[in-house]
Amino acid sequence: MRDRWGKKAFQAAAATTILILGGLTLFLFQEGLPTLWKSPYEGVTYAVHPQNPLPHLSPEAVQALVRGETTWTALGGPEAPVVPVYLANLDRYVSAHAPAPLFKHILDSLATLPGVLFALPPSLLPARTKPIDVPWNGWKALFASARWSPTYEPIPSVGVWSLLIGSLWVSAIGLLVVVPLGIAMAVYVVEFLPKKLYYAIKMLWEVLAGLPSVVVGFWGLMVLVPWIQKIFHLEDGETALTAGILLGWMTLPLMASLVEEALQAIPPLLIESSYGLGATQWQTILRLKLPYIMPSIFTATLLSAGRILGETMVVLIVSGNAPLLSWSPLMPVRTLPATLAAELGEAPVGSYHYHVLFFLGIILFLITVSLNALAYVIQPKTRSA
Amino acid sequence: MLSSPRHAPPKRWGEHIATLAVALLSWGSIAILAGIIGFLVYRGGQVLSWEFLTAPMREGMQKGGIAPALVGSLWLTAVAILTAAFISTAAGAYLSEFARPSRFKNLIEFLVTTLAGIPSVVYGLFGLALFVTALGLGASILAGGLTLALLSLPLLIRNAQEAFAAVPRALKEASLGIGASEIQTFFRITLPMALPRILTGLVLASGRVLGETAPILFTVAAYYLPTYPHSLLEPTMALPYHLYVLITSGTNIQATYPMAFGTALVLLLLTLCLTGIAAYLRYRLKKSYRV
Amino acid sequence: MYKVEAHAVSVWYGDHQALYKVSLQLERNQVLALIGPSGCGKSTFLRLLNRMNDFIPGFRMEGKILIDGEDIYAPHVDPVHLRRRVGMVFQKPTPFPFSIYENVAYGLRLQNRLKESQIRERVEQALRQAALWDEVKDNLKKSALALSGGQQQRLCIARALAVRPSLLLMDEPTSALDPISTAKIEELIHELRQTYTIVIVTHNMQQAARISDVTAFFHMGRLIECSRTKDFFTNPTHPETLRYITGRFG
Numbered sequence: 001m002r003d004r005w006g007k008k009a010f011q012a013a014a015a016t017t018i019l020i021l022g023g024l025t026l027f028l029f030q031e032g033l034p035t036l037w038k039s040p041y042e043g044v045t046y047a048v049h050p051q052n053p054l055p056h057l058s059p060e061a062v063q064a065l066v067r068g069e070t071t072w073t074a075l076g077g078p079e080a081p082v083v084p085v086y087l088a089n090l091d092r093y094v095s096a097h098a099p100a101p102l103f104k105h106i107l108d109s110l111a112t113l114p115g116v117l118f119a120l121p122p123s124l125l126p127a128r129t130k131p132i133d134v135p136w137n138g139w140k141a142l143f144a145s146a147r148w149s150p151t152y153e154p155i156p157s158v159g160v161w162s163l164l165i166g167s168l169w170v171s172a173i174g175l176l177v178v179v180p181l182g183i184a185m186a187v188y189v190v191e192f193l194p195k196k197l198y199y200a201i202k203m204l205w206e207v208l209a210g211l212p213s214v215v216v217g218f219w220g221l222m223v224l225v226p227w228i229q230k231i232f233h234l235e236d237g238e239t240a241l242t243a244g245i246l247l248g249w250m251t252l253p254l255m256a257s258l259v260e261e262a263l264q265a266i267p268p269l270l271i272e273s274s275y276g277l278g279a280t281q282w283q284t285i286l287r288l289k290l291p292y293i294m295p296s297i298f299t300a301t302l303l304s305a306g307r308i309l310g311e312t313m314v315v316l317i318v319s320g321n322a323p324l325l326s327w328s329p330l331m332p333v334r335t336l337p338a339t340l341a342a343e344l345g346e347a348p349v350g351s352y353h354y355h356v357l358f359f360l361g362i363i364l365f366l367i368t369v370s371l372n373a374l375a376y377v378i379q380p381k382t383r384s385a
Numbered sequence: 001m002l003s004s005p006r007h008a009p010p011k012r013w014g015e016h017i018a019t020l021a022v023a024l025l026s027w028g029s030i031a032i033l034a035g036i037i038g039f040l041v042y043r044g045g046q047v048l049s050w051e052f053l054t055a056p057m058r059e060g061m062q063k064g065g066i067a068p069a070l071v072g073s074l075w076l077t078a079v080a081i082l083t084a085a086f087i088s089t090a091a092g093a094y095l096s097e098f099a100r101p102s103r104f105k106n107l108i109e110f111l112v113t114t115l116a117g118i119p120s121v122v123y124g125l126f127g128l129a130l131f132v133t134a135l136g137l138g139a140s141i142l143a144g145g146l147t148l149a150l151l152s153l154p155l156l157i158r159n160a161q162e163a164f165a166a167v168p169r170a171l172k173e174a175s176l177g178i179g180a181s182e183i184q185t186f187f188r189i190t191l192p193m194a195l196p197r198i199l200t201g202l203v204l205a206s207g208r209v210l211g212e213t214a215p216i217l218f219t220v221a222a223y224y225l226p227t228y229p230h231s232l233l234e235p236t237m238a239l240p241y242h243l244y245v246l247i248t249s250g251t252n253i254q255a256t257y258p259m260a261f262g263t264a265l266v267l268l269l270l271t272l273c274l275t276g277i278a279a280y281l282r283y284r285l286k287k288s289y290r291v
Numbered sequence: 001m002y003k004v005e006a007h008a009v010s011v012w013y014g015d016h017q018a019l020y021k022v023s024l025q026l027e028r029n030q031v032l033a034l035i036g037p038s039g040c041g042k043s044t045f046l047r048l049l050n051r052m053n054d055f056i057p058g059f060r061m062e063g064k065i066l067i068d069g070e071d072i073y074a075p076h077v078d079p080v081h082l083r084r085r086v087g088m089v090f091q092k093p094t095p096f097p098f099s100i101y102e103n104v105a106y107g108l109r110l111q112n113r114l115k116e117s118q119i120r121e122r123v124e125q126a127l128r129q130a131a132l133w134d135e136v137k138d139n140l141k142k143s144a145l146a147l148s149g150g151q152q153q154r155l156c157i158a159r160a161l162a163v164r165p166s167l168l169l170m171d172e173p174t175s176a177l178d179p180i181s182t183a184k185i186e187e188l189i190h191e192l193r194q195t196y197t198i199v200i201v202t203h204n205m206q207q208a209a210r211i212s213d214v215t216a217f218f219h220m221g222r223l224i225e226c227s228r229t230k231d232f233f234t235n236p237t238h239p240e241t242l243r244y245i246t247g248r249f250g
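Protein chains in written order, with my numbering: chain G, 1 to 385; chain A, 1 to 291; chain U, 1 to 250.
Some hints could be false.
Stated by the list, open to error - Here are the computed lysine-lysine pairs in the DSS-like style, where the Cα-Cα straight-line distance is at most 27 Å:
no., chain 1, residue 1, chain 2, residue 2
1, A, 172, G, 38
2, G, 7, A, 63
3, U, 115, U, 141
4, G, 8, A, 63
5, U, 64, U, 141
6, A, 105, G, 8
7, G, 140, G, 38
8, U, 92, U, 141
9, U, 115, U, 92
10, U, 115, U, 184
11, U, 92, U, 137
12, U, 184, U, 21
Rather than coming from a laboratory, the hints here were simulated on the basis of the structure.
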C-alpha cells in the first residue's frame, strides 16, 4: 500500500512536465491571442471635421496620413493639410500644464480646421467633430505588412514579416554552417580520430555547448563583426551573416553528436559488406554510411534548426537588430526571439505592445515545438528500419 | 569499430585530401573555441582583481567590481538547481524505474523532448506571465530562479532517467529477491548507485543555467542595482545580463569595455569550470561502466 | 597452381593467438568447407583471405597466403583491389537500405569505369547467377529491405558476384535462414562451383558434407584435418575429428 502511494508521488513529479507545457501554452496564448481581436487604440475615438466626407478610414490610411505619406485629397477627403492630433503629439499644440479652459479652447479651435484628424479619448474630444470609424483587423495588421514599429503613435505597425524573414535568414545561414560542419566533424570523430582523443573531443563539445551565449555574442561583436565588415567592405559588420555563422558554430555539438550517434549505430556487418566488395574507406563513408544515416541527418537538422531559431542573445548582440525587411545576408536583421528580448522589458503589462510580443512568442513556440515534435515522431521509425 | 587498414594502401590522393579536410574542419571549429577563451582570458585578465570580484560597480558601471551580479547569479543558480533537482530526479525515477510502457509514459517522454526544444526566451515569457504577474512574485530571484528551473528540467529529467537506467538490473533484482519492496529497492540500491551521475547532471545544468540570459531578462534581472539581495523576493543583478548591459546599453560603452571583458571572463570561467567538471565526470563514469 | 595456398599461418589479436601455423591448399573450382566449434579460428582463417582482419585493432600475422600464386599480404598489395577479386557473404543478410538494383550495382559503381548500360547488364547477370532474377526482375526499384531473409541473402551473393570475383568467401551464409531458404542457397552453391572457387564457413556438418569437395576441421586455432569431404566424414584420420563429427565434442 505504501509502495503504491510512493509510486504515485513519482508519477506526480513526472506529470509536472504536463503542467509546465500546459501552463506554458495556456499563458502564451492567453497573453498573445488578444492581439487578434484587441485593437491598439481601445478607448480612443477617431474624429474628423464635420464636413469631411469620408465614412471610415483604414488603420493604414491613418498611419499614412500621420506620416505624411498621403493626403486627404488622395483619399477622397477635403483639400486641406492633415492636422493629426493624438495623445502623444498633443504637446505640439498645447502644454499639458495649461489651465483647463485654455486647453479646451485650443482643442476646439483645432476642430475647426477642415483637415483635422483627432485620435483622443472621448472625454478630451471637442464637441463639433464627426466621429469616424477605423476598423481594426488583427490578422491583417500582423500578416499583411512588413513594417515593425510597435510603439508608433497613434497606430503601431506590427507586421511580423520582417522579423520572420530575419529569423529565416539567420537560420538558413546557421544551418548552412552547422549541417556540413557537423557531419564532417562526426565523420572525423568516428573514422579518423585516434581513440585516445575520443573523450577529449567529446568534452570539448560539452564545453562548447555550455558556453554562455552572451559571451559568444560579445566575442562576435569584438572580433567577428569587424572581420565581416572588412571582408565584405560594409559600413557595419552587424549582419544576418555574422549572427548565422556564430549560431551555426554554437549548434555544432548538437548536430555533430546526433550524427556521430547515428554513424556508430550502423550495423558493423553492413560496413564489412561494403569493404568486402572492395570499397575504400571514403567510398564506404560516402556511398553507404551517409546515405544510411540520412534520416538521422534530417532529424538532426530539424533539431538544430529549432535550436538556432530560438537562440536570442547572440542575434541581439551581433545582427544589427534592425527590424527591416532584408534581401541580403549582409544586411542587419532582427529575429523573433531578439525582438522579444529587446522589447518586452519596455512594454507595460497588458498593453497592446505586450500582447503582440506574446503573439510573437506563440509563433516562435509553435515553430520550435513542431520542429521538435516532427523530429521526435520520425526518429523511432528510422531506428527500427 | 573498423579502423584503417594495417598496411598503407597505394596512395589515393582523393581520400587523403578528404581526410585532411574533415580533420581541418573539426580542429578548426575547436580552435575557434580556444580562440574565444584565449581572447577573453587575455583581455579580461587585465581587469581581474580581488576588488573586481568583491566590490560593487561604481561611476556608471565604469569602475569598481561585479560582486552584486556575481552574488545574484549564484543565488539564481542555487534556487533553480535546488528546485529542479527534486522534481527531475523523481520524474526520471518514474520514467526509468516505475512506469510500465503506457500511453502516459510515452506522453511524458514526448513532452520532455518537446520542452527541451523550446527556446529559453519563451520560458522567459512564461516566467513573466506566470511567476512575475499572475503569482505576483514581481521581478525577483524567486521568479527568475523558478523560470530557470523549468528551463533546466528537460535536461535534468533525461539525465536522471539515464542515470537510473544505468544501474545494473541484476542489483535491483537481487534486492527485490530478498523481499525489499520496489520503493525500498529504489531508495537503498538504485538511488545511491545513480547518485554520482545525477549530481554530474546537476553540475552540468548549473553551468548552463548560470550562463542563461534570455529567461532572466524580464523575470529578475536589474539593470543597475549595486546592492546584495536580502530575500528571494527582491530583484538582483546577474552576470550574463550585466555583461549584456555593459556591451549594448551602458551609458558610455567604450568606457565600460574593460568591465565587460572582466565580466565575460568571470562568467566564462565559472561556466567552463562547471561544464568542464561535469563533462570530465560524465565521461569517466561512462568509461567505468563500459569496462 | 593452387587457387588458395596457406603456408604456416599464425594470427594474433593483441596477445591472444587465434591461429597456429595453419597450412592448406585449395584447387580451382572446388568448394572448401571450414568447420569446427565456435572460437576455433575458422572465421579468422576465412577473413584472412580478403584481409578483413586488417580492420581489427591488434591484428598481426605470420606466414604466407597465396591466391593465384600471389602473396596477398605483400606490402605492394592493395587490400581494396584484393577484395574486388575475393567476394564475401556474411552470417546474416546485409542488404544496404537501397533498391535491389542499387545493392547489386554498389560494387560496380565503386570502380567508376562502367557505363550505366554495362552496369545494368552485369546486375542482371549477377541476379540470374544468384537465382534471384525471376523473383525480382519486375521490382528492381523496390527496397532490398522488403525481400525475405532468404532472398536478401541471395541478393548479397548476387552483389558479391557482380564484381566478378574469382574466389567467393561465405561466412555461415545460412545460419540466419529457414530450411527452405537454406536449401536454395545450397543449390546455388552447387551451381556456382562451375565458375567459382568457394570457401565456406559452416557450423552445420551436414551442410559441409552436402556441398563441399574438401573439408577442413579447425580446433582451438589449429587445423586438425583437411581432406576430401568423402574421406573426411567416412574415414577421418584424426581422433579429434572423429569425436567432433560423431557429436561427442565439448
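Each hint, compared with the structure:
1. The straight-line distance between the Cα atoms of residue 172(A) and residue 38(G) is roughly 58 Å, outside the 27 Å bound, and the hint therefore fails.
2. Our distance criterion of 27 Å between C-alpha atoms is broken by residue 7(G) and residue 63(A), whose separation comes to about 55 Å.
3. The straight-line distance between the Cα atoms of residue 115(U) and residue 141(U) is roughly 19 Å, inside the 27 Å bound, and the hint therefore holds.
4. Our distance criterion of 27 Å between C-alpha atoms is broken by residue 8(G) and residue 63(A), whose separation comes to about 55 Å.
5. Pair hint residue 64(U) plus residue 141(U) does not hold up; C-alpha atoms about 43 Å apart against a cutoff of 27 Å.
6. The straight-line distance between the Cα atoms of residue 105(A) and residue 8(G) is roughly 13 Å, inside the 27 Å bound, and the hint therefore holds.
7. Of the pairs offered as hints, the one joining residue 140(G) and residue 38(G) holds, with about 13 Å between alpha carbons and a cut-off of 27 Å not exceeded.
8. Distance check on the hinted pair: residue 92(U) and residue 141(U) sit about 22 Å apart at the alpha-carbon level, within 27 Å; holds.
9. For a cut-off of 27 Å, the pair hint linking residue 115(U) to residue 92(U) is broken: about 31 Å separates their Cα positions.
10. Between residue 115(U) and residue 184(U) the alpha-carbon distance is near 32 Å, which puts this suggested pair outside the 27 Å criterion.
11. A threshold of 27 Å between alpha carbons decides the hint, and for residue 92(U) with residue 137(U) the separation of about 23 Å falls inside it, so the pair holds.
12. Simply put, residue 184(U) and residue 21(U) have alpha-carbon atoms about 36 Å apart, too far for the 27 Å limit, and the pair is violated.
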